[in-house]
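Novice: Please build the complete structure, drawing on both the sequences and the hints.
Next come the chains, spelled out residue by residue.
2 protein chains.
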Amino acid sequence: MSDLFSPIKDSQTLSQKIERKIEQAIREKKLPAGSKLPTEHELCKMFAVSRTALREALRRLNARGLVDIRKGSGMYVADYNVDDAISSLLLYYDLKFDKNLILHINQARLMFEPEIAKLAAQNRTEKNLIDIKKTITDLIACNLDHIQAEADIINRFHAKITEASGNSFVMISMEPIFSLIPRMRNFIYANVDGERDIRVAYHQKIYDAIQAQDGETARNAMKELVEHTNETYINKLQKYNLER
Amino acid sequence: MSDLFSPIKDSQTLSQKIERKIEQAIREKKLPAGSKLPTEHELCKMFAVSRTALREALRRLNARGLVDIRKGSGMYVADYNVDDAISSLLLYYDLKFDKNLILHINQARLMFEPEIAKLAAQNRTEKNLIDIKKTITDLIACNLDHIQAEADIINRFHAKITEASGNSFVMISMEPIFSLIPRMRNFIYANVDGERDIRVAYHQKIYDAIQAQDGETARNAMKELVEHTNETYINKLQKYNLER
DNA sequence: CTATGTAATATGTATTACAAGTTTTTGGAA
DNA sequence: TTCCAAAAACTTGTAATACATATTACATAG
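Protein chains in written order, with our numbering: chain H, 2 to 245; chain Y, 2 to 245.
No lab work stands behind these hints: they were computed from the structure.
Some hints here could point you the wrong way.
Copies of one chain are not kept apart here, so a pair can be met inside one copy or by any two copies together.
To be verified - Derived pair list, reagent style SDA-like, types lysine to any residue, alpha-carbon separation capped at 20 Å:
#1 K224 x R157
#2 K31 x F98
#3 K18 x G66
#4 K97 x R28
#5 K97 x I87
#6 K72 x T14
#7 K22 x G66
#8 K240 x L104
#9 K72 x T53
#10 K240 x E217
#11 K18 x L181
#12 K237 x E196
#13 K97 x E176
#14 K31 x I137
#15 K22 x P39
#16 K46 x Y77
#17 K97 x Y77
#18 K72 x A54
Specialist: Listed below in structure tokens is the structure:
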């Protein structure tokens, strides 16, 4: 026995053990979404633990989005949704947000968004077209000085195209970008003379291609757009660095 | 005031309020990673709540990976890492895993992996080359009948190339794929006569291009590889559907 | 200086009590 | 019988107390 002198104590607390047991049952669909868990009292008896430990376990599951708790009613297996999953990612990016991450995100957009536009051209529905079209009319209507509002509209343009791709994995992967951009809008979209017209033209061209289900054109136009955006950003960054 | 008659009761529990307060402080870096929180007793006095409510709040933060708790020592702001963030995503994919998701993932790989290979060719370090090379020699050495082991090696090949891209956002986005594939390996990589040699040739070609920092060749070779893999998968799927 | 024991301190678990929201039961009125 | 409202029963939320157990700091003996 090589582990003769291995630690005796179990590093896990009681509540963590209970948490894992219930989580496991949920993962294996033994407890389907929406189903009611036994009451605290019953669970205490079943696990043979105090209400303290049991409650802390269920607070853990609740915090992670796996269990809904309704006072006076009971505890239910939650319908674990994308937002729960993505919120953790956003928290991570939130904490690690720096100039390096912005560069990586810009790079990723250059790589991914043209392909996404192409896929969107193939899979778009009529509703997708309406959504995308609206962002363009909104952009045209947007006051030139409202930089924040403009950036949000542009952001929505890209998000709606991603949505039109119809690919859930792609949507989830890109979601952090669209959620983070409001925080770095001033870094990304430069407000230069004539920029608005150039951008609207790009958006319109991409929209037309997606409507015509012309994947290659959509891809190339989106490629030009994100490259253009990135250049504008780099120019702005250099100017900013010179000024200080 | 349109919310004159809105509910008076606060739907949030005490522990949730405390959770948010501390989370906010962590997000704003008022509590830097690694720093020690006040003791339970002190926090109880500061928030003017019972130990029960306070502990449940900290169990929530602990479950989410924001706070480390060491019995007998104290509570510390955790160094929130990628794994914490990704684990939530994995849980989501775990619960929503179905044939549709596999299709979306395959589609995403067709779109993204060629671009990733191109970027890897630009940014790869010597260590990246060693890691990628090893997966190829491992693949050659792998017994033809060990389907599981083979799939894991192939998976590592793709993961190491993604790592070589040097783009943190891309790595995080692709991570769920590499974590999920072990669950669907039998679906993805078909075991057909001569398949191994074809695959090794592709891997070698991609490796050479990455080593030579030839982005275009790496991109095109990876495109061929993932398309080949996808075709093999679809063939296998059709054959499987015919058999039943 | 080192090793060991001890006290102080921190978190983990259990128990009891009551508050407050929800659901079910009950019983009377129409 | 049917409907409705009050009451009871039940469920989760919060508080307070007690003790178990792990860690840390310090004192003491060698």
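Novice: Does each hint hold? Answer for all of them.
Specialist: Here is what the structure says about each hint:
1. In this assembly of identical chains, the alpha carbons of K224 and R157 lie at most 20 Å apart only when taken from the same copy (17 Å versus 30 Å across copies).
2. Only between protomers do K31 and F98 lie at most 20 Å apart by alpha-carbon distance; the minimum there is 15 Å, versus 39 Å within a single protomer.
3. Taking the shortest alpha-carbon separations for K18 and G66, both the intra-copy value of 18 Å and the inter-copy value of 16 Å come in at or below 20 Å.
4. For the homomeric pair K97 and R28, the shortest alpha-carbon distance between copies (10 Å) is at most 20 Å, but the shortest distance inside one copy (30 Å) is not.
5. In this assembly of identical chains, the alpha carbons of K97 and I87 lie at most 20 Å apart whether taken from the same copy (15 Å) or from different copies (14 Å).
6. Within a single copy, K72 and T14 get their C-alpha atoms only as close as 25 Å, which misses the 20 Å cut-off; across copies the closest is 9 Å, which meets it.
7. With identical chains, the CA atoms of K22 and G66 are at most 20 Å apart both within one copy (16 Å) and between copies (19 Å).
8. Taking the closest pair of Cα atoms, K240 and L104 come within 20 Å of each other only inside a single copy of the chain (17 Å); across copies the shortest separation is 45 Å, beyond that limit.
9. Taking CA atoms no more than 20 Å apart as the test, K72 paired with T53 passes in both settings, with 16 Å inside one copy and 16 Å between copies.
10. Taking the shortest Cα distances, K240 and E217 never come within 20 Å of each other, neither inside one copy (35 Å) nor across copies (32 Å).
11. Taking the closest pair of Cα atoms, K18 and L181 never come within 20 Å of each other, the shortest separation being 35 Å inside a single copy and 25 Å across copies.
12. In this assembly of identical chains, K237 and E196 lie within 20 Å of each other by CA distance solely inside one copy; the values are 13 Å within and 50 Å between copies.
13. In this assembly of identical chains, the alpha carbons of K97 and E176 lie at most 20 Å apart whether taken from the same copy (17 Å) or from different copies (18 Å).
14. In this assembly of identical chains, K31 and I137 lie within 20 Å of each other by CA distance neither inside one copy nor across copies; the values are 47 Å within and 40 Å between.
15. In this assembly of identical chains, the alpha carbons of K22 and P39 lie at most 20 Å apart only when taken from the same copy (14 Å versus 31 Å across copies).
16. Proximity of K46 to Y77 under the C-alpha cut-off of 20 Å is restricted to the intra-copy arrangement: shortest distance 18 Å within a copy versus 33 Å between copies.
17. Within a single copy, K97 and Y77 get their C-alpha atoms only as close as 34 Å, which misses the 20 Å cut-off; across copies the closest is 18 Å, which meets it.
18. Taking the shortest Cα distances, K72 and A54 sit within 20 Å of each other both inside one copy (18 Å) and across copies (15 Å).
Checked against the numbered hints listed earlier, the structure breaks hints 10, 11 and 14; every other hint is satisfied.
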